[in-house]
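Trainee: Model the full assembly from the supplied sequences, consistent with the hints where possible.
Under the UniProt record's numbering, read the sequence shown as residues 1 to 210, first letter to last.
The hints are simulated quantities; they were obtained by calculation from the structure and are not laboratory data.
Don't take every hint at face value.
To be verified - Straight-line C-alpha distance at most 25 Å; calculated DMTMM-like pairs for lysine to aspartate or glutamate:
#, residue 1, residue 2
1, K210, E162
2, K192, E82
3, K59, D15
4, K46, D28
5, K129, D109
6, K129, D77
7, K200, D28
8, K192, E87
9, K46, D15
10, K46, D77
11, K129, E115
12, K59, D177
13, K192, D28
14, K200, E162
15, K129, E87
16, K210, D151
17, K129, E99
18, K200, E181
19, K192, E181
20, K192, D52
21, K210, D136
22, K192, E115
23, K192, D136
24, K192, D177
25, K210, D177
26, K129, E82
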Amino acid sequence: MSQLVVTASALNLRDAPSVQGNVVAILDRGDVVASIGASPDGHWQKVSHGADTGWASFKYLQPVMAEAPVAAFPWFDIAVQEAGTAEISGSGANPRIVEYLRSTTLGADMAASDETPWCSAFVNFCVEKSGFAGTDSAMARSWLNWGRRTDAPVTGCIVVFERSTSPSGHVAFYVADSGNEIKVLGGNQGNKVCFADYPKSRILGYRVPK
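Mentor: Dropping the structure here:
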């Protein structure tokens, strides 16, 4: 069963492969769905997302990976499986995000809340779960000192961005080139793990293992 990512800001999931079909759910940009089948004309894709199953316009879906990840980056497959993990509103915390945070050296109090910035923790969790050493830091810019720099990014390598609202920046996994932007898979993107586009002007560097 292949996986697809939603590229529209909002995509209707319908109970029939037609614009006349009833809307059963609305998917957000970056949501990852499982492909079940296609309509005879190829314009509609039957997909499942969580507890919802229905038809969505194939025009606004694309394969999760623009290119196959290289074997050197086994953490990317782990990251894809984590897509959709989201913060819990209110006083609760998603235990999976807490697990990401606990993979770093954050204190117990900070690591117990999914309100703590967790993009670096997500990358660290995936990298360490794949058998590599991470930075163990919750600071995104810590990844600028990890591995070695590359100017030829491929799917699965790590990319660090500057961020005007945070001196720590942002870190995620590179997916594909999108012109003036790049598509990445990361955590704490809209409070969840998802695919998103970021401007190239904010890139501080790409990193790969030594």
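Trainee: Against the earlier hints, flag every one the structure doesn't satisfy and list their numbers going up.
Mentor: none
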